[in-house]
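Protein chains in written order, with our numbering: chain A, 26 to 270; chain B, 26 to 270; chain C, 26 to 270; chain D, 26 to 270.
It is possible that part of the hints are untrue.
Same chains, same names: a pair is fine if it fits in one copy or spans any two.
Said to hold, decoys possible - PhoX-like, lysine-lysine: derived pairs with alpha carbons at most 25 Å apart: (1) 219 x 253; (2) 77 x 49; (3) 228 x 71; (4) 60 x 71; (5) 163 x 253.
To be clear, the hints were calculated from the coordinates, so they are not data collected in a lab.
Number of protein chains: 4
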Amino acid sequence: MKKYKLERILYSENRIFYVPSIEKDFHTQYGFVKKNDLKKKSGIVKTNLGKKFFIMIPNYRDFFDKLLRGPQIITLKDIGLIAFETGINKESIVVDAGTGSGALALMLSLISKRVISYEIRKEFYNLALKNRELFGIKNLILKNKDLKHISERNVDVIVLDMPQPWDYITECVNALKVGGYLVTYLPNVSQVMKNIEEQTTFKNLIHIKTIESFYREWLINEKQSRPKTEMLGHTGFITISRRII
Amino acid sequence: MKKYKLERILYSENRIFYVPSIEKDFHTQYGFVKKNDLKKKSGIVKTNLGKKFFIMIPNYRDFFDKLLRGPQIITLKDIGLIAFETGINKESIVVDAGTGSGALALMLSLISKRVISYEIRKEFYNLALKNRELFGIKNLILKNKDLKHISERNVDVIVLDMPQPWDYITECVNALKVGGYLVTYLPNVSQVMKNIEEQTTFKNLIHIKTIESFYREWLINEKQSRPKTEMLGHTGFITISRRII
Amino acid sequence: MKKYKLERILYSENRIFYVPSIEKDFHTQYGFVKKNDLKKKSGIVKTNLGKKFFIMIPNYRDFFDKLLRGPQIITLKDIGLIAFETGINKESIVVDAGTGSGALALMLSLISKRVISYEIRKEFYNLALKNRELFGIKNLILKNKDLKHISERNVDVIVLDMPQPWDYITECVNALKVGGYLVTYLPNVSQVMKNIEEQTTFKNLIHIKTIESFYREWLINEKQSRPKTEMLGHTGFITISRRII
Amino acid sequence: MKKYKLERILYSENRIFYVPSIEKDFHTQYGFVKKNDLKKKSGIVKTNLGKKFFIMIPNYRDFFDKLLRGPQIITLKDIGLIAFETGINKESIVVDAGTGSGALALMLSLISKRVISYEIRKEFYNLALKNRELFGIKNLILKNKDLKHISERNVDVIVLDMPQPWDYITECVNALKVGGYLVTYLPNVSQVMKNIEEQTTFKNLIHIKTIESFYREWLINEKQSRPKTEMLGHTGFITISRRII
Numbered sequence: 026m027k028k029y030k031l032e033r034i035l036y037s038e039n040r041i042f043y044v045p046s047i048e049k050d051f052h053t054q055y056g057f058v059k060k061n062d063l064k065k066k067s068g069i070v071k072t073n074l075g076k077k078f079f080i081m082i083p084n085y086r087d088f089f090d091k092l093l094r095g096p097q098i099i100t101l102k103d104i105g106l107i108a109f110e111t112g113i114n115k116e117s118i119v120v121d122a123g124t125g126s127g128a129l130a131l132m133l134s135l136i137s138k139r140v141i142s143y144e145i146r147k148e149f150y151n152l153a154l155k156n157r158e159l160f161g162i163k164n165l166i167l168k169n170k171d172l173k174h175i176s177e178r179n180v181d182v183i184v185l186d187m188p189q190p191w192d193y194i195t196e197c198v199n200a201l202k203v204g205g206y207l208v209t210y211l212p213n214v215s216q217v218m219k220n221i222e223e224q225t226t227f228k229n230l231i232h233i234k235t236i237e238s239f240y241r242e243w244l245i246n247e248k249q250s251r252p253k254t255e256m257l258g259h260t261g262f263i264t265i266s267r268r269i270i
Numbered sequence: 026m027k028k029y030k031l032e033r034i035l036y037s038e039n040r041i042f043y044v045p046s047i048e049k050d051f052h053t054q055y056g057f058v059k060k061n062d063l064k065k066k067s068g069i070v071k072t073n074l075g076k077k078f079f080i081m082i083p084n085y086r087d088f089f090d091k092l093l094r095g096p097q098i099i100t101l102k103d104i105g106l107i108a109f110e111t112g113i114n115k116e117s118i119v120v121d122a123g124t125g126s127g128a129l130a131l132m133l134s135l136i137s138k139r140v141i142s143y144e145i146r147k148e149f150y151n152l153a154l155k156n157r158e159l160f161g162i163k164n165l166i167l168k169n170k171d172l173k174h175i176s177e178r179n180v181d182v183i184v185l186d187m188p189q190p191w192d193y194i195t196e197c198v199n200a201l202k203v204g205g206y207l208v209t210y211l212p213n214v215s216q217v218m219k220n221i222e223e224q225t226t227f228k229n230l231i232h233i234k235t236i237e238s239f240y241r242e243w244l245i246n247e248k249q250s251r252p253k254t255e256m257l258g259h260t261g262f263i264t265i266s267r268r269i270i
Numbered sequence: 026m027k028k029y030k031l032e033r034i035l036y037s038e039n040r041i042f043y044v045p046s047i048e049k050d051f052h053t054q055y056g057f058v059k060k061n062d063l064k065k066k067s068g069i070v071k072t073n074l075g076k077k078f079f080i081m082i083p084n085y086r087d088f089f090d091k092l093l094r095g096p097q098i099i100t101l102k103d104i105g106l107i108a109f110e111t112g113i114n115k116e117s118i119v120v121d122a123g124t125g126s127g128a129l130a131l132m133l134s135l136i137s138k139r140v141i142s143y144e145i146r147k148e149f150y151n152l153a154l155k156n157r158e159l160f161g162i163k164n165l166i167l168k169n170k171d172l173k174h175i176s177e178r179n180v181d182v183i184v185l186d187m188p189q190p191w192d193y194i195t196e197c198v199n200a201l202k203v204g205g206y207l208v209t210y211l212p213n214v215s216q217v218m219k220n221i222e223e224q225t226t227f228k229n230l231i232h233i234k235t236i237e238s239f240y241r242e243w244l245i246n247e248k249q250s251r252p253k254t255e256m257l258g259h260t261g262f263i264t265i266s267r268r269i270i
Numbered sequence: 026m027k028k029y030k031l032e033r034i035l036y037s038e039n040r041i042f043y044v045p046s047i048e049k050d051f052h053t054q055y056g057f058v059k060k061n062d063l064k065k066k067s068g069i070v071k072t073n074l075g076k077k078f079f080i081m082i083p084n085y086r087d088f089f090d091k092l093l094r095g096p097q098i099i100t101l102k103d104i105g106l107i108a109f110e111t112g113i114n115k116e117s118i119v120v121d122a123g124t125g126s127g128a129l130a131l132m133l134s135l136i137s138k139r140v141i142s143y144e145i146r147k148e149f150y151n152l153a154l155k156n157r158e159l160f161g162i163k164n165l166i167l168k169n170k171d172l173k174h175i176s177e178r179n180v181d182v183i184v185l186d187m188p189q190p191w192d193y194i195t196e197c198v199n200a201l202k203v204g205g206y207l208v209t210y211l212p213n214v215s216q217v218m219k220n221i222e223e224q225t226t227f228k229n230l231i232h233i234k235t236i237e238s239f240y241r242e243w244l245i246n247e248k249q250s251r252p253k254t255e256m257l258g259h260t261g262f263i264t265i266s267r268r269i270i
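Pulled out of the complex, with its shape left as it was, chain A reads as follows (with noise of 0.2 Å):
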C-alpha cells in the first residue's frame, strides 16, 4: 500500500503547493517541477515555463493542512485551548477518544510523552492510520476499540470528542490520576448540559469550566486593515473537569 506522504513545499507569493513525492515531477498551472530540483530541501526552483518557487521541507504545521479529512476536523484554536489548559507537557501521557481523523491525537502527541487513542468506527481507524504515517511519529497509538476496554492508568489528560461522553465517566475517572483534566468537545449546549448534569453525580470529579473560543483572520496590507468577511460562528463547547481524590 501507499504511504501517504508530503514531501516538499513550494511558496510563490500567496499561494503554497504541496508537493507530495519528489520521485515524480511536479504539475502546477505554471508548468512543472523537475524531480531532480525537487530534491532541494531549500532554496529557488524553477518550473520549465520560468516560474520560480521557494522550496522548503514542510514541518507539522504543514501536515496538518493536508491531514486526510473524514469527520469534521477540530480546529487549531481548539486544540491550543485543550492543550494549554490541562498543562499538556513532554512528560504527559494523554488518551482521546474517538480518534476521528486524527488531527487532536497527531498534533497532541507532538508535544507530550505518548498519546492513546481509541476509535470503534474501523473507517476512521484507518483514516488516522494513514495520517499517522504522514506525520512519521511513534508516540501515537491508535486502538480499534472501545474506550470501555481503556487499559491505561495514572493519565494526565483525557480528551472524549463523542457524541455521549457521558457513558464513559467512570472509565475515566479510573484512568486519570488524581489531579488529571477530562476534557469534553461538544457541539450542542444540550450535550454539554447533560455532560455536566452526570458527571456531577461523581463525587470525585470537579466541573472546571466550559468556553468556547472565536477565531478571527485580519486582512492587513497596503490598502486593508479589516478583519475577513468570512468566519466560523461555531466549532464546540470546551469542558474541562478534575479528578480530585
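Go by the hints and put chains B, C and D onto chain A.
Chains B, C and D in isolation, oriented as in the chain A frame:
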C-alpha cells in the same frame, strides 16, 4: 533568597487554595491545616475546625495560575494559537523576546526542546527567574540581553512580545531556519500595520496570517446555561510570518 | 412628588455631567455653575473656578444613560436588533412585558405609534412611571397587570422579557396580527429551548430565528488603535417567531 | 416603467416565497398559485398540485429582504446600533450619504420624521429610487448630489457610509444641531484612525465612541442547540461623534 514555590493545592467545592509550602501549617478562613497533613499527595485533609479539603500535587496548569505578575500576562488562548499555528513540538528550538513575566516562555518550554528568552529590563528578567523556579524546569534559558545580540541559529519559531518588533526583523530572519516562523504579538492595529509593512521589504519573509481570538466562559449548572457576563474584549493580534529562503 | 428630570448636559473633554434641574446651581469637582447660566441651551458656561463646559439640551440618548435602574437594563444593541428585525416603524403597535425599568418600552415608543407595557411587580411599574417622566412621552401606556389580561388586538410586535414566556403564547398569538412578530429575550439556552419547543405546538406560529449579538468598543486615538479590554460577554438570546395565520 | 413591488409572501414550513404581483399566477417548484387566490390577505392558499401555503401581506421587514442590491447592503445589526446609539426617533431629521442601495436610508425613514439621502453615483441613485418604490414611503428624499451641497440645517443625525468621510466634516458640522450626532461607517481601521484624527481638529466636535458588533444565529430545535457555523466576521466600524457647540 527564598525559593518561589507551590507545593500543594486544596479543593473544596468551588474554591481552590494554593499552598506554597508544606513546611508550615496552612491557614484559611475555615481553620488551618497542619503541616504534617499537608505532606499527603492526594486524598482528604481536615482543618482544625473540621472543614474537609481534597489535597493534590500541583501541575504546570496550577503553576500558571500562580505566576508572579509584572507586565500583562499573555492568555492561554493566545499561547495555544502561537504554539499550534507554528507547529511547535518536542524537537523545536524557540526564541522569545521580551520575556516579561516569562509566562509564554515557560509554557512553550513545557512542549519544546528548548526556549531561549531575551529581556532587556532587569526587573522583568528577575521576575522571570523567580517564575522559572516555580516551574522547576531546565530547558528555559533566560538572558538579560537585547535581542539584537541573538546568537541562536536554525531556530524553529521566534515570538516577539514587544512594542517595536520591526526593529529586529533582520536578526530574526537570520536566526530562523528556512520554513521557520516569526510571530509578533501586538495590541494595536497600527503596530500590526507598521510591522507587516516593514516585513514586506524582506524578500525572504512571507506574511502568513494575522489573527485575533476570543475566549468566552459559560455557566452551565442546574439553573444556568449561559455565557458569563465577564469577557475579555481584547488581548493582542498575532501575526505569523515565515522565512522562505 | 418630585418629577424625575434631566435638563442640561455639560461636556468637558472626555467628561460629561448631567444637570437634573436648571432651578438651582450645579456643583462639580471643578466648581459650580450658576443656575442663571444653566438656562442657556447651547454655548459655553463657566464654573466659579473658571472651568469651561459646553452646555446642551439633552436628547433621548442622554435620557437613556440616566434611566433609573432596577432590574438589568436591556442594551441598545439588543433593542436595535429587536426593532429592526421586526420592522418596527412609526405606524407600529407594540406590546412588551415585563416592563422592568421601562428601558425597552421607552426606546421603542420613540419610533413606533404606541407601546403598551405590562408589569406585574408594583415596584418596577413605579420605576417605569418615573422613567417615563424623564422621557416626557405620551405614547407609552404602562399597565400594572399580568399579560394574561392583554386586551390589545392586531398588534405588530410583542416583546417578552420575562423568565417564562411560554406561559403566554396563547395570549400573544391572539393579540398579534397575521404576519406580526413574537420576540422573546432570554438569558439561558435552556429557556430558549423550552420556549421554542412550546411554540412549535402552535400551528399558527413559526420560528424565524434565534440570535445573539456582541458589542465591542474600540480605543482609537493618537496612541491607540485597539479594542477596549472590557467587553460584555453575554446579554440575552433574542428569539423571533411570526404569526402566520 | 414597471414599479418594483412585493405584494404577498407565502410561508411553508421553513420556506418563504416572495410574490411580486397579485396580477398574475405565482409559480413555485410545488406548482402554481392562481392570481385570484393571491388576492387573499391571510389564511391558506393551495397550488394546483395541492401544496398549502400560508399567505400574508408583506411588511417592511420583508421588503428589506427583497431590496435590489448594488453595493454591499448594511446589516440590520448596524442599522440598529446607529439608530439607537444616536436616539433617532419620530421627530428626527436625518441625513445620510452615500445612499448606495438605500437600505440604511429606508430603514431610518421608517422611524424618523424625514431622511434626506445624498448619492453622487447615478446608478445607485436610480437603484435607491426603485427600492423606495418597494417601500412605498414619502419621507425619504433622495438627492443625486454631492454632500458638499448639503442645504439642510438643524439636523439631528448625519450618517456617512462613504470611503472618505473626512472630506465632509465642515459641511456636516454646519448642518448638525448642537448635540446632534455625526456617524461614520467604515470597513478599515486605517480609515477610522484617519477619520478621528481629522475630526479632532474641529473644536466643535467630540468623539463619543467607536464600536463594532457581531451577530450570531443559533440553531435550536429537537436535535440541535448550537450556533450556526456560518457567521459574518466583519461588516464595519461605527464611529459616533457629537457637535458640542
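A quick look at each hint next to the structure:
1. Taking the shortest alpha-carbon separations for residue 219 and residue 253, only the inter-copy value of 19 Å comes in at or below 25 Å, while the best intra-copy value is 35 Å.
2. When the C-alpha separation of residue 77 and residue 49 is checked against a cutoff of 25 Å, the pair qualifies only within one copy, where the shortest distance is 18 Å, while the shortest distance between copies is 61 Å.
3. For the homomeric pair residue 228 and residue 71, the shortest alpha-carbon distance between copies (17 Å) is at most 25 Å, but the shortest distance inside one copy (64 Å) is not.
4. In this homomeric assembly, residue 60 and residue 71 come within 25 Å of each other (Cα to Cα) only inside a single copy, at 11 Å, whereas the closest approach across copies is 66 Å.
5. When the C-alpha separation of residue 163 and residue 253 is checked against a cutoff of 25 Å, the pair qualifies neither within a copy, at 38 Å, nor between copies, at 37 Å.
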